[in-house]
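**Q** Residue-level listing of the chains:
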Amino acid sequence: MSKSKPVSVLVVEDDEALSDAYEMILASAGHDVTRAFNGREALEQTEQQDFDIILLDLRMPVLDGIGFLREFKPTEHPETSVVVFSNYDTHKDIDEAYELGVERYVLKARAAPKDLLNLVQGIVAEKFSDVVA
Amino acid sequence: MTQRKISYEKIFHAIPGGYIVLKSNPPVYTVTEMTDEAQAMIGMSRKPLQYDFATVFSRLVSNEDLEGLYIKLTKCVSTNDEMYPVVVRLHDPKHPAKNRRCELSFHRVQSNRAGKLSSIIISIRDVRDLKSENVHLKEKVLADARRLQTMVGTIPDIVWEASPDGQIVYINDNWYKYIDKPPGTDISNLWLDYLHPDDVERSMAVWGRSLKTGEKYEIEYRFREGRTGQYNWFISRALPFKDEDGNIVRWYGTCTNIEAHKKNAQLLDLNKSKDEFISIASHQLRTPATAVKQYLHMLDSGMFGELSQQQHDLLQRGIESNERQLRTITDLLKVAQVDSGEARLNMIHVDMSGLVHEIITDMTEVFKNRQQTLVYSPFKRKAIANVDPEAMRMVIENIIDNASKYSDEDTAITVSVKIEKDEVCIYVKDNGVGIPLEKRDKLFEKFSRIHNSRSTKVGGTGLGLYWARRVIDMHDGKITYNENKPQGSIFTIRLKIVEKM
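Residue numbers (our numbering), protein chains in the order written: chain A, 1134 to 1266; chain B, 2 to 502.
By construction, these hints were calculated from the structure, which means they are not laboratory data.
Note that the coordinates shown come from a computational prediction; the quantities given were computed from them, not determined experimentally.
Mixed in with the good hints, there may be bad ones.
[As the list claims (entries may be wrong)] Capping the alpha-carbon separation at 30 Å, the derived lysine-lysine pairs in DSBU-like fashion look like this: (1) B/Lys406 with A/Lys1225; (2) B/Lys381 with B/Lys406; (3) B/Lys275 with B/Lys263; (4) B/Lys263 with A/Lys1225.
[As the list claims (entries may be wrong)] Away from chain B, derived, C-beta distances all over 10 Å, residues of chain A: (5) Leu1151; (6) Thr1167; (7) Asp1197.
All C-beta atoms in this analysis are idealised placements derived from N, C-alpha and C, irrespective of residue type, glycine included.
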């Protein structure tokens, strides 16, 4: 995988082991990683900084992913790509996530580290081509 | 005056029924009047009257009966007692050989208040018809009773009858069978002895209320089974039977054994909590398994230093196990979804031959890796069915993947699409281990696992085929198993065609 322009990623994941893993993987590619362990913390982070990408789990304590999306309103943040990175959710949640403006839905159990990096690279490439166009 | 008398006579003659008026002048009794019907019965014209009683009846009855009639007549004349009718055989005046059974009753007519007897009225009634009617009625009642008895005997319920004060006056044999006592054993309060101690107070209260108010009685309680000593749940219902004035005459009730029903409900509950448990446990297991996956891959990718061949091999073993674990969890979750009714299909018109072609193309690698031959010739026509393409793809992939997994290297797996009548059929044939006869009927059930030379290696969850069947069911289709001769399996998926092209 090519190391292109580093991007800022907010990892919203309540499982510490997973969160640590995602941070290591993304940092290894030179990305700037910020972490939040629930939707509330994620909202606080987004108030302080604009992220290129938000990796969002849905099932979380305090404020879950859907709750975060309702308040964050991805459609009002075109500069940020929100990717749901979650495990086996209900159709209702998935539908709602899309309706609230997420760009992708990834089953995290299927994604190996290189898939995560490819995903980030893919989003960056799209953004870059947008800029060129 | 004379005119009035005549009209009275006319009226009298026309009275329906056989009536004869005798003038009493013992020992002479003279017939003074008779109704038209009486006249027909005894076969004598009204004129001239003044027949003697004996003259009239000696022609009609046997000497023995005549004697009896005289005794009756004398009694009627001499006493004031209530007279019971006498039944005699009356000859039919037109057909002397024929007899009719007639009932004769004697009534006193007093001329003044002092009670002096002036006349006697004899009423004659043909009882032959009455009797046959009675017999008919009696038979009908008996038949009804027998029918009811048979019905009460056939139904599996306990049927009972209680007096308005709540005493059991009848209970059918099912009760005695249940308590294991000979039929007819004292029934008054016996049922209380068989009621579960915890249910007695409640039952008495409900029954007492119904007796007081006349409201429908309905309660669930437990009776002890005589033979086993075990308590079973019953539902008991009773309705009052009221007379014309609305007073309760009887209570009719039934007790139905609902133990199986109760058990079933408990099982359903249990099954539901099991499904919930599977769902929760799978969710809980999935996240740590996903984390393990990340760390194993990070190490394996050399992110933290180059690995020796052995380290790499060991990590590969870990990665394979982790993948199997994740697959199992995914299967469990998929099944939990279809079981809970949460799974939802997005049905669209899909060309099944096209879909199968795509799946085959994507799976070519799989067969190559396992050194198996895939026999497949594309179906040239389109067969449009209404399906959820994602779910259907997973089902077909699952069936084809199974065929490959349970087959040896250097064997062939045949996939074909056909249109049969209004169905599109997808056949997946292999020459693998096959399914033993005794396992076939449970093949599509949950956790159906078959132990054979491949199963340990393959590590199936026993959920794939169950899930596939559920998904096909949701498409109103069919998935079936047949054995392949001389060995192996044939799985067939049938779906209704919307359109052929």
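**Q** So, for every hint listed, does it hold in this structure?
**A** A quick look at each hint next to the structure:
With a C-alpha separation of about 34 Å, the suggested pair B/Lys406 and A/Lys1225 falls outside the 30 Å cut-off, and the hint is violated. Of the supplied pair hints, the one linking B/Lys381 and B/Lys406 holds, its CA atoms being roughly 28 Å apart against a limit of 30 Å. Proposed proximity of B/Lys275 and B/Lys263 is supported: the alpha carbons are some 18 Å apart, at most 30 Å. Distance restraint check for B/Lys263 and A/Lys1225: the Cα-Cα separation of roughly 34 Å exceeds the 30 Å cut-off, and the hinted pair is therefore not satisfied.
Separation of A/Leu1151 from chain B is inadequate, the least Cβ-Cβ distance of about 4 Å not exceeding the 10 Å criterion. Every Cβ of chain B is farther than 10 Å from the Cβ of A/Thr1167; the closest lies at roughly 18 Å, confirming the non-interface assignment. Separation of A/Asp1197 from chain B is adequate, the least Cβ-Cβ distance of about 13 Å exceeding the 10 Å criterion.
Hints 1, 4 and 5 from the earlier list are contradicted by this structure; the remaining hints agree with it.
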